[in-house]
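Read top to bottom, the protein sequences are chains A and B.
When the count follows the working numbering, it moves up by one through the first sequence with no breaks and lands on 166 for the last residue.
When the count follows the working numbering, it moves up by one through the second sequence with no breaks and lands on 137 for the last residue.
Please keep in mind that the hints were generated in silico from the structure rather than gathered at the bench.
Check each hint, because a few of them may be wrong.
[As the list claims (entries may be wrong)] One side of the interface only, derived from the structure: several residues of chain B facing chain A at Cβ under 7 Å:
no.	residue
1	Asn30
2	His32
3	Gln33
4	Leu35
5	Thr37
6	Ile46
7	Gly48
8	Val49
9	Val127
10	Ser129
11	Ser130
12	Lys131
13	Cys133
14	Ser134
15	Lys135
[Said to hold, decoys possible] Below, simulated EDC-like cross-link-like pairs (lysine to aspartate or glutamate); rule was C-alpha separation at most 16 Å, straight line:
no.	chain 1	residue 1	chain 2	residue 2
16	B	Lys103	B	Glu47
17	B	Lys61	A	Asp38
18	B	Lys53	B	Glu83
19	B	Lys59	A	Asp38
20	A	Lys148	A	Asp92
21	B	Lys85	B	Glu47
Note that the coordinates shown come from a computational prediction; the quantities given were computed from them, not determined experimentally.
By construction, the Cβ of each residue, glycine as well, lies at the ideal position given by its N, Cα and C atoms.
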Amino acid sequence: MFKKFLAATLLAIPLFASSTDIPITGVVTSRCVIYTDTSGVYGNPSPGLLSTLASDGGVQPIVRYDVVQGGFYKASITTPTSFSTSPTLTDNVVWTGSVDVSRVSDASMSVYSTNKRVFGNTTEINLTIPGSVWFKADSSATYGFNKAYPAGTYTAIVTASCIAI
Amino acid sequence: MFRYVFLIFMLFGGYANAHQFLPTYPTFQYSFIEGVMYTKMQLFNKRKDIEYYELSVFDADWNPVTFASENKIIHINYLQTKDVNVYVKKEEIKKVTYICTESKIKKESVQNTVISSKICSKVR
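Model the full structure from these sequences, guided by the hints.
This is the structure we're talking about:
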């Protein structure tokens, strides 16, 4: 009887000895992730105009920024000033572009619309609030003076940057 | 607390087109080559439409700084994470302010108005 009790005790000791606390740790670091939500499409509402506005038959490119902590990054979005692919053009193209907030995950991000800085064709916004924000870019290109674009495919590139500050 | 959990879930969740470059604030250390310092960066490609990223180093005024790396144009597959070593001469190290990666789009794969993503880390 005593032998059985001793054996059972000896077998049970390692079970107690092996039960330890398993810590779970997580580190939240500042990071910025850029998501390309929607690629844009130029609409051609008139012969000499290409535009991404929905009212012109286009699709606005949308980019999403995620930041885990606020105040560490700024978003910088540059709208195009040239075509990356197009047929040969013999006249000037006048470019206009703008960037605005499309959606936010936190209502306080609405300040991004008023706090943006615009210079040239670049818009900068300090990402001061953690969460996700979607920016939509608008781009239009007018060809010459009352001229029609030659037939072909036209593409341009929007650059979305996330720069540590 | 919920906000952080939501964000972490979102960052690692199943989204299709993302570009990530870490750490935010890299620090340089001595390399195995005398007079050369290096820092290790990590690039994550979650953009299905992108296979190449260009690595670049700039000073505070966005002038390019001479650097070396295994590849300046990095080939990285979808959902792949790659460690990238950036080597800079010790005498140039004080100039280094930004280390950036920018997505490069193949000409033949451009169909719409595409978005090029660029992320810059800052050396403090």
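Review point. Holds or violated: Lys131/B as interface residue toward chain A, Cβ cutoff 7 Å?
Key: Since chain A brings a Cβ to about 4 Å from Lys131/B, closer than 7 Å, the hint holds.
Practice item. Classify the hint on Leu35/B as holds or violated, based on whether any CB of chain A lies nearer than 7 Å to its CB. Key: This interface hint holds because 6 Å falls under the 7 Å limit.
Review point. Does Lys135/B pass the interface hint, meaning its C-beta sits closer than 7 Å to a C-beta of chain A?
Key: holds, 4 Å
Review point. Holds or violated: are the alpha carbons of Lys53/B and Glu83/B at most 16 Å from each other?
Key: holds, 12 Å
Check your understanding: Holds or violated: Thr37/B as interface residue toward chain A, Cβ cutoff 7 Å?
Key -> This hint holds: Thr37/B lies near chain A, its Cβ roughly 5 Å from the closest one there, short of 7 Å.
Exercise for review: With a cut-off of 7 Å on the beta carbons, see whether Cys133/B makes it to chain A.
Suggested key: holds, 4 Å
Check your understanding: With 7 Å as the cut and Cβ atoms as the points, is Ser130/B at the interface with chain A?
Key -> Ser130/B check passes; min Cβ-Cβ to chain A is 4 Å, inside 7 Å.
Point to revise | chain A contact restraint for Gln33/B - C-beta distance below 7 Å | key: Since the shortest Cβ distance to chain A is 5 Å, the answer is holds.
Review point. Straight-line Cα separation of Lys61/B and Asp38/A no greater than 16 Å?
Key: With Cα atoms ~12 Å apart, Lys61/B and Asp38/A stay inside 16 Å; holds.
Review point. Is the shortest C-beta separation between Ser129/B and chain A less than 7 Å?
Key: The hint holds - Ser129/B has a Cβ within 7 Å of chain A, the shortest such distance being about 5 Å.
Practice item. Decide if the proposed pair is consistent with the structure: Lys103/B and Glu47/B, CA atoms, cutoff 16 Å inclusive. Key: The hint holds at about 9 Å.
Point to revise | Interface restraint verdict for Ile46/B against chain A (beta-carbon cut-off 7 Å) | key: Violated. Min distance 27 Å.
In summary, the structure is inconsistent with hints 6, 7, 8, 21 from the numbered list given earlier, while agreeing with the others.
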